[in-house]
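Just so you know, the protein sequences line up as chains A and B, in that order. Quick note, the first sequence lines up with residues 1 to 325 if you use the numbering used here. Quick note, the second sequence lines up with residues 1 to 285 if you use the numbering used here.
Be aware that one or more of the hints could be misleading.
Computed cross-link-like contacts, DMTMM-like style, restricted to lysine to aspartate or glutamate with a CA-CA straight-line distance of at most 20 Å [stated by the list, open to error]:
| id | chain 1 | residue 1 | chain 2 | residue 2 |
| --- | --- | --- | --- | --- |
| 1 | A | K132 | A | E118 |
| 2 | A | K22 | B | D284 |
| 3 | A | K77 | A | D153 |
| 4 | A | K90 | B | D284 |
Keep in mind the hints are simulated off the structure, nothing from the lab.
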Amino acid sequence: MSPSSVGVMIELEGLTKRYGEKIAVNNLTFTVRPGIVTGFLGPNGAGKSTTMRMMLGLDRPTAGDVRIDGKHYDQLKDPLKYIGALLDAKAVHGGRTAFNHLLCLAQSNGIPKQRVHEVLDTVGLTAVAKKKAKGFSLGMGQRLGIAAALLGDPQILMFDEPVNGLDPEGIHWIRTLMKSLAAQGRTVFVSSHLMSEMALTADHLVVIGQGRLLADTSMADFIARNSRSYVRVRSPQREKLLDVLHQAGLTAQDAGDGALEVDGGKAEYIGELAARHQLVLHELSPQQASLEEAFMQLTAESVEYHAHSGTPAAPQQWGEGWKKG
Amino acid sequence: MSTPQPPMPQTAPEWQAAESGYTSPIPVVRTHLGHAIASEWTKIRSVRSTMWTLGVFVLLVVGIGLMTGLVIAGQDADLGGESPLGLGFFGLLLGSMCLITLGVLTTASEYGTGMIRTTMVACPSRARVLAAKAIVFFLVAFVVTLVSATLIGMLHVAMLEGNGAKDPSGGEWLKGTVGVSLYLALLGTLSLAVGSLIRHSAGAITIMIGVLLAPLVVALFMFSDSLRDVQQALFEYSIPNQMSVFYANSLSESGPSGWDPVLIMLCITGVALGAAFAVQESRDV
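Isolated chain A, as found in the complex (with noise of 0.2 Å):
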């Protein structure tokens, strides 16, 4: 299959990475398809960066196998053109314009020197082709990864949390060009801990978690599962209201804070259901649980760092462990 003709795909067959005891990733099997935006979802230290490092042949992986148009990362002879990639915006050499950084790897995969001005051009960088990539800012610095990633007019797109430390300027030209690439008919691959930043941008999900596949599935499906809506209603009547909510076949749950969150009713008809029955209302507003937080749900036993709630634990007393001991 050649690289033009059929979308490329990406496949992870039971890709595993292990350093010493700790395994950072544990029998992922799954496919990136072309032509849609993948989002790559997990939390900090679930296992997405070491996936991403050994589909680009950078890590070797501990078992398993991972696939780009059927071979091995490093069987591609000019993987440019399959797939670029922006993994750590600072994988650069500082000391090297943004020009000659580009160009450095144009010429390691034979893309023409021309190609360098118009990926420069493409990210908005051109005025600053002949400065040197330390002096760059983090948005500049991430801009210049894309342009790398551009450069060969990839098919595939790999991009590993791309939006981390951007102004909100930068987040939406990513997001644009996210869309876009994908728009054109490219398979986007993106990472992200951020479940509301994949909402917007992603058409498929792979969720893992302390390395472990938990999802992979559409993200209108995983919409649908996940975001469940409601109507928050509050009443003096609490009482009368359950009882009128139960004869029109609506279920109410308490909310814990004297309101009640009534599923499978549109707003307008509780409000107008209540008013038949003379009840009063304080609160009438229709909820949709977020995606965050189906997100949260679906990694919680997996999170690798949990922060405690609440307030922080007082030190204790120095030497105390001694007398407990």
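With chain A's structure known, arrange chain B on it following the hints.
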């Protein structure tokens, strides 16, 4: 990573019918070592550390050489039929540290900055990257050393004609220019291999300075008679002494002579490069 490839599924999944991939107008090229060499050439000429180390190198070789020549010419000293090429030795010895530094930086600085990941993603053949680096660096170091050594040699011959210096023979010219340049370029390439193995600039430079100086220093402190042979060997095979072999007009009874140093350095560099090639294959970048 040479597991046999499973056969590709014959039936196209349903999504393939709906989506056709993106087609790039950029022609597909089968890349080879030449592409990697072009890339490494761009890299080495586009950082200031190259200009600094090579600039200081030329300055040391030509500057120290000129000063030595001027002092001898000014004192009306008599060289007694010696070849004046040997006067270039001091500058080249000091300059070798610049080549060591540049050699180490060529590989190790990519690990320090993280650039290596970008490099390896663009060119997944690690052997090709290292080979390209070694070839480009060796040629740059060889040409710069050859030009500097030839220049200062010609200056010395011209300056010291009246001081009883003999006209160097063709063989002496060859050893004093091509020979010593091969030796120093190989020493730099050894540093490049060490940089790739250690992946840490300061550490690799320290090791190489140690390799350059330690044998001589250790030999100086071997007072005991029982260590006389060891001391002798350390002295004869130390890098500074091997460099001086290129200017020796008489063969010493023991130790390297003639073109031996080039062969010795070629072997050491070959072993170190071989180790670097082998080790990088299994490492995570």
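Hint by hint, which ones does this structure get wrong, listed from lowest number up? none
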